[in-house]
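I would like the entire structure built from these sequences, with the hints used as guidance.
Heads up: the protein sequence lines correspond to chains A and B, in order. Position one of the first sequence corresponds to residue 1 (my numbering), numbered consecutively onward. Position one of the second sequence corresponds to residue 1 (my numbering), numbered consecutively onward.
Calculated directly from the structure, the hints in this document are not laboratory data. A virtual CB, placed ideally from N, CA and C, is assigned to each residue, including glycine. Don't take every hint at face value.
Now the in silico label distances, taken between C-beta atoms and shown as ranges [said to hold, decoys possible]:
(1) Gly-62/A <-> Ser-88/B: 24 to 32 Å
(2) Lys-15/A <-> Ala-185/B: 49 to 57 Å
(3) Ser-88/B <-> Glu-26/A: 28 to 36 Å
(4) Arg-57/A <-> Ile-204/B: 54 to 62 Å
(5) Ile-189/A <-> Leu-211/B: 54 to 62 Å
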Amino acid sequence: MIEVENLTKFYGNNKAVDNISFKAEEGEILGFLGPNGAGKSTTMNILTGYISSNSGRALIDGIDILEEPIAAKRNIGYLPEYPPLYTDMTVDEYLKFAYNLKKCKMPRNSHIGEICDLVKISDVRGRAIRNLSKGYRQRVGLAQALIGNPGTLILDEPTVGLDPKQIIEIRSLIKKLGKNHTVILSSHILPEIQAVCDRIVVINKGKIVANENAATLAAGLSENLTLRIRVEGKEEEVKKLLSSIPLIKRVATLREAEKGESPSAGVFEYEIEPKKGEDVRRDIFKKLSSRNYPLLMMKSNELTLEEVFLKLVTGDIYGNMQNKKTDQKEAL
Amino acid sequence: MSAILKREISAYFTAPVGYVFVAVCILTSGLFFYLTALSAGSTDLSPVFQLMFFVLMIFVPILTMRLMSEEKRQKADQLLLTAPVSLSGLVIGKFLSAFAVFLIAISVMPVYGLVLSFFVKISWLTLWGNVAGIVFLGGVYISLGLFISSLTENQMIAAVGSIFLNIVIFLFNALGSVIPVKVVAEAVQNLSVYDRYFQFTLGIFELSNALFFLSIMAIFLFLTVRVLEKRRWA
Numbered sequence: 001m002i003e004v005e006n007l008t009k010f011y012g013n014n015k016a017v018d019n020i021s022f023k024a025e026e027g028e029i030l031g032f033l034g035p036n037g038a039g040k041s042t043t044m045n046i047l048t049g050y051i052s053s054n055s056g057r058a059l060i061d062g063i064d065i066l067e068e069p070i071a072a073k074r075n076i077g078y079l080p081e082y083p084p085l086y087t088d089m090t091v092d093e094y095l096k097f098a099y100n101l102k103k104c105k106m107p108r109n110s111h112i113g114e115i116c117d118l119v120k121i122s123d124v125r126g127r128a129i130r131n132l133s134k135g136y137r138q139r140v141g142l143a144q145a146l147i148g149n150p151g152t153l154i155l156d157e158p159t160v161g162l163d164p165k166q167i168i169e170i171r172s173l174i175k176k177l178g179k180n181h182t183v184i185l186s187s188h189i190l191p192e193i194q195a196v197c198d199r200i201v202v203i204n205k206g207k208i209v210a211n212e213n214a215a216t217l218a219a220g221l222s223e224n225l226t227l228r229i230r231v232e233g234k235e236e237e238v239k240k241l242l243s244s245i246p247l248i249k250r251v252a253t254l255r256e257a258e259k260g261e262s263p264s265a266g267v268f269e270y271e272i273e274p275k276k277g278e279d280v281r282r283d284i285f286k287k288l289s290s291r292n293y294p295l296l297m298m299k300s301n302e303l304t305l306e307e308v309f310l311k312l313v314t315g316d317i318y319g320n321m322q323n324k325k326t327d328q329k330e331a332l
Numbered sequence: 001m002s003a004i005l006k007r008e009i010s011a012y013f014t015a016p017v018g019y020v021f022v023a024v025c026i027l028t029s030g031l032f033f034y035l036t037a038l039s040a041g042s043t044d045l046s047p048v049f050q051l052m053f054f055v056l057m058i059f060v061p062i063l064t065m066r067l068m069s070e071e072k073r074q075k076a077d078q079l080l081l082t083a084p085v086s087l088s089g090l091v092i093g094k095f096l097s098a099f100a101v102f103l104i105a106i107s108v109m110p111v112y113g114l115v116l117s118f119f120v121k122i123s124w125l126t127l128w129g130n131v132a133g134i135v136f137l138g139g140v141y142i143s144l145g146l147f148i149s150s151l152t153e154n155q156m157i158a159a160v161g162s163i164f165l166n167i168v169i170f171l172f173n174a175l176g177s178v179i180p181v182k183v184v185a186e187a188v189q190n191l192s193v194y195d196r197y198f199q200f201t202l203g204i205f206e207l208s209n210a211l212f213f214l215s216i217m218a219i220f221l222f223l224t225v226r227v228l229e230k231r232r233w234a
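Here it is as structure tokens:
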């Protein structure tokens, strides 16, 4: 279990982490979501005792990391942003070193063997770390964090540098580990956090902007998503037609499709904002086909991380954008 | 601590650094042995030890330069500093690893005595006094080098900085004689590592000298721990 209370960290005059508090229960996967420089790594470095906070405290299984660092560190497996590897060692030597460093009591060879199987690095155990690719290095770093089977895992962007297949493998591994460990994992990729975590803490400029159940957060974010469609036909008429669908709130022409995207001319892309919580895809299809306008593409606009933040901070993406525009006008 | 000690020693001998250091020590001491003892027809090994002072001054920093700096650059220090190990254990482990390589390198020194003893009767006590002196000297240089290495991320800066510092503490010896104020001059003179080492090479084993060397080691190891501690708060 991890408890963080009113943690604050300054780098010079710059407040990197600003009075944050959260809690991760045992058997819970907590996702740390935020853009670069939000304070994710700083928070993790404080939790693991690599750096100290200026105020507030962090408890690992009830032990204060500042007061009893050695006892607290015994329960932590940490994968930092850059895996802390000795490139002159082989994978096997490195993991044995980590094993000795953490003063593990488990049978050494079988324990290391199990971990290597788990993160799928058994085939490179004899190779020097300096010759490994980024993906393998990342996994060796993860293996190091798992050594000693610590109750708490702190993983700073664990899937960076992995290929798509490995990302899926590591995600399912983290999910599996989450059942009997406390896991904190950070990422700046929203779908990744959504796929793995039970609870999501969104952090921006050192402050927590949301701390919610993953399902609630996702549901809140996915309402009033816009659609992007591509239709062949006269722009004015298509727009009129779409506007006549009662569940659609707003239709906007985005641009004419370029030659590479569509072989025929007169193809336009539109953005459609349905009324809150309504699914208008079938209506769009029926309406267009009734007038023989071919529908060439339809996809929902996923929220980008920036939009998620805007939404979390202001409650509404569009409202905020409009406010910004008026602000600019006033400034002029 | 033992995990760090083991890793660092094996790191010395997977890279060429360890071999180079041992080779340089054997080569130079062998050369001095030939020049001052064998070809000069002397049974006194003290000049060999006196000259080794300068060799160690330059080459021990090469042994210690990467101890703390390289880890910081590669960010591998995050593993050590988040592991359940005390900072002092970490620093002592590093110190002992360099010290072990140093001991391997100077283990050739008593062999010169053995070689001479086939032909003449030599003063073994003087030789062991010399060996004790060089062991203390190595410890001092290593603790200095370790401290400088903890201040930077760059190995070359660590090496040059340590050599510079070693030269400065050697110059304390000369500095003493040009300071007109008697009290200050004496104080500086008493800090001279070379003077105290020189007494060892003359076969004088004085407890105060041994304590002096041990104190310097303790001070710089302590400072290294403080540097690591400070990094957490920066």
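* Asked: So which of the earlier hints does this model not fit?
  -> No hint contradicted; all consistent.
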